[in-house]
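There are 2 protein chains.
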Amino acid sequence: MKGNVIVGQSGGPTAAINSSLAGVYRTAKDRGAKKVYGMLHGIQGLLQERYIDLSEHIKTDLDIELLKRTPAAYLGSCRYKLPEIHQNKDVYEKIFEILEKLDIEAFIYIGGNDSMDTIKKLSDYAIVTGKRTKFVGCPKTIDNDLALTDHTPGYGSAAKYIGTSVKEIIRDGFCLEYSNGVVTIVEIMGRNAGWLTGAAALAKGEDCPGPDLIYLPEIPFDLDDFSKRIKELLKKKGSVVVAVSEGIKLKDGRYVCELGSSVDFVDAFGHKQLSGTASYLASFVAGECGCKTRSIELSTLQRAASHCASRVDILEAFQVGGAAVKAADEGDSGMMVVIERFSDDPYQSGTAVKDVHKIANDERVVPRSWVNKEGTYVTDDFITYVRPLIQGDVAPIMVDGIPRHLFRPY
Amino acid sequence: MKGNVIVGQSGGPTAAINSSLAGVYRTAKDRGAKKVYGMLHGIQGLLQERYIDLSEHIKTDLDIELLKRTPAAYLGSCRYKLPEIHQNKDVYEKIFEILEKLDIEAFIYIGGNDSMDTIKKLSDYAIVTGKRTKFVGCPKTIDNDLALTDHTPGYGSAAKYIGTSVKEIIRDGFCLEYSNGVVTIVEIMGRNAGWLTGAAALAKGEDCPGPDLIYLPEIPFDLDDFSKRIKELLKKKGSVVVAVSEGIKLKDGRYVCELGSSVDFVDAFGHKQLSGTASYLASFVAGECGCKTRSIELSTLQRAASHCASRVDILEAFQVGGAAVKAADEGDSGMMVVIERFSDDPYQSGTAVKDVHKIANDERVVPRSWVNKEGTYVTDDFITYVRPLIQGDVAPIMVDGIPRHLFRPY
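As given, the protein sequences belong to chains C and X, one line each in that order.
Everything in the first sequence is counted per our numbering, starting at 257 for the first residue and increasing by one.
Everything in the second sequence is counted per our numbering, starting at 257 for the first residue and increasing by one.
Fair warning: there could be bad hints in the mix.
Computed footprint of chain X on chain C; a stretch qualifies when at least three of its residues, placed anywhere within it, have a C-beta under 8 Å from a C-beta of chain X [claimed, not checked]:
1. 361-371
2. 377-384
3. 387-401
4. 416-425
5. 454-462
6. 501-508
Residues from chain C that face chain X, not an exhaustive set, calculated with beta carbons under 7 Å [to be verified]:
7. CYS334
8. LEU404
9. SER555
In short, the hints are calculated from the structure, not lab data.
Just so it is clear, CB atoms sit at the ideal spot from N, CA and C, and this is done for glycine as well.
Let the sequences and hints guide you as you build the complete structure.
Printed below as a string of structure tokens:
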């Protein structure tokens, strides 16, 4: 590379997003980039000329290893939506003025659907105006809802944490004894796609029966049927554990969480902020069945649990970061790196690049055929898909009993 | 030993309670016990003659290792409170009839304050009626609120999980950007004692500023002062993280969680079931400061997270189990094993036995001098106390990407 590289992170953080950042940095340096800049808080920070020289932060190979194990966006995240080019040309002129000043050859953006929209717009603008900067996206989202890629970095680690935690919750539930039984509802992220909620089935194995019911947001939720199933289960066992997506909806389109409490926040992309599905269902079940109920939200923990990351995920995230730099260096622009799966067992995968115009804002959901007929559990095909992505560990680097992270002074 | 041993587990489960069970089993076998029985669901199950022969479940040394890594009570737990002897002699006669039938020489009960009350009553009854069975308690509680022992098995692992998770939450919060800032309230268990909540301070280190405020249940909580502090913090930083005990109360004695929602459940010991402190405070802060807020309950996860257990804790839990059998075999009864600390650094500890009459139902709270003057953080003395208890890891035995546990068919 002759010029410099700039990299940013956007959207909801994951346990693997910094491994992609480490991959970008390592490959950019390997390919001769003079400077590798990091935008602070993504494109929003770049517009305010907030960026750092990553060499001042990543000084040793140990720092690379720490960065791979540091959860959340090291550079800071944002949820800034670029205006359409015809709506506000000034924003684009400002961005390219900064990129030219910094002699940026490759602009790498690590994020989800919304971030790929940013790559698409900047790349389009560059082509139209004859700018030389290349724009490449790195997929990242625990939600695993990006199109065209087999899966997204960040998903495997979240799935591993969910499988592990749900198994521990099941164990906890089984040891309790209440005269009318105990029902535990575990609420898992994933607004429209059930990839994360389905990962609760990973708890199932020779040593664990797994959750009793799993409800994905792709399938309309029926309160009466749910109540009937819980009552049947309570006849057979003292502890019932149910995994539900935060985004399950009734047939009429109302979110289950809306039944109990108000939805109080809509983000810049118009996404409703959901919560309270499990707590609503716990009250509902207590009323219907007269049993003890508990609601558990895996909340932010499921996207930040680097201490329980998947080795496959962290390594793929690193590779994807490197592949993005390589693609830009070889002249690609308006592209996103994707992961292609060659086989499930033994698991084999590789990276490729695809046109970001085909990806942006297209949410990939769990296929109907990977959910059972009743809509109450994922199938073996789902497990075969997700199982390879949670393999192996990345041992935290422990200092005085707590995992060490790479620190950026704020 | 000439006779048999029976062991039970009671109260809220922990990540270390099965390590004590493993210790009981190992030492009982080593000392020549013919049979080691496990009561299913504690004394309540024993009254229904529900018990198992542990040799049929623990067959190999690998099973011992798996048991040490299995969260929640392997034998099942209960919250059954024995009546006073003069109130209901029948219950005692029934229990001793079963113990005699099984030729029980040592009765080991792993639990917290309420379980030690059981040991006390059974031991008193045995002495009065001339029965030969010895009754010894094994301390267990994530709450760390048992008197006479330096700390309780289960606490160290919960503290390690809390420190690790709060650090990951802080990292997540710092990378977000909201125009008016974001305040995250993390709710931690501990009804009356702040040992667990104080462990949030373990997140603090060279690479992490730690939570901004920590509120223990020992100190009356002041909403106005809290609001003032949050506003001050938001002037200086974009993300504020607060750790609160589920049991914080106002000066007038009302629980903070009662301000927002109703307390709906009281257990057999008359303990109010608390929840909703963080969600109430998150709404309160949103109203006061106009910022984005999040509430996170560490919930059951903090007591079940075997995948993040402390080596010191798991090994001490094992030792305590063994020490209980040894004490009974040597003729002690009505005693509880305690852990004594000889030094902080290097950490050195050992076991001893103390009279359970001095322990039962006496809750040990965090000393006032281990909380700062303002009541908003723990002091260095607190950290010096807890730090040794979270040292070292017990690597989970991973099978297909998920920790393996020892399974008991239900």
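Now for the hints, and whether the structure bears them out:
1. 361-371: violated (count 0)
2. 377-384: Result for this restraint: violated, n = 0.
3. 387-401: violated (count 0)
4. 416-425: Check passed, 7 qualifying residues.
5. 454-462: holds (count 4)
6. 501-508: Contact hint for the segment 501-508 of chain C vs chain X: violated, 0 residues under 8 Å.
7. CYS334: The hint holds - CYS334(C) has a Cβ within 7 Å of chain X, the shortest such distance being about 5 Å.
8. LEU404: violated, 25 Å
9. SER555: holds, 5 Å
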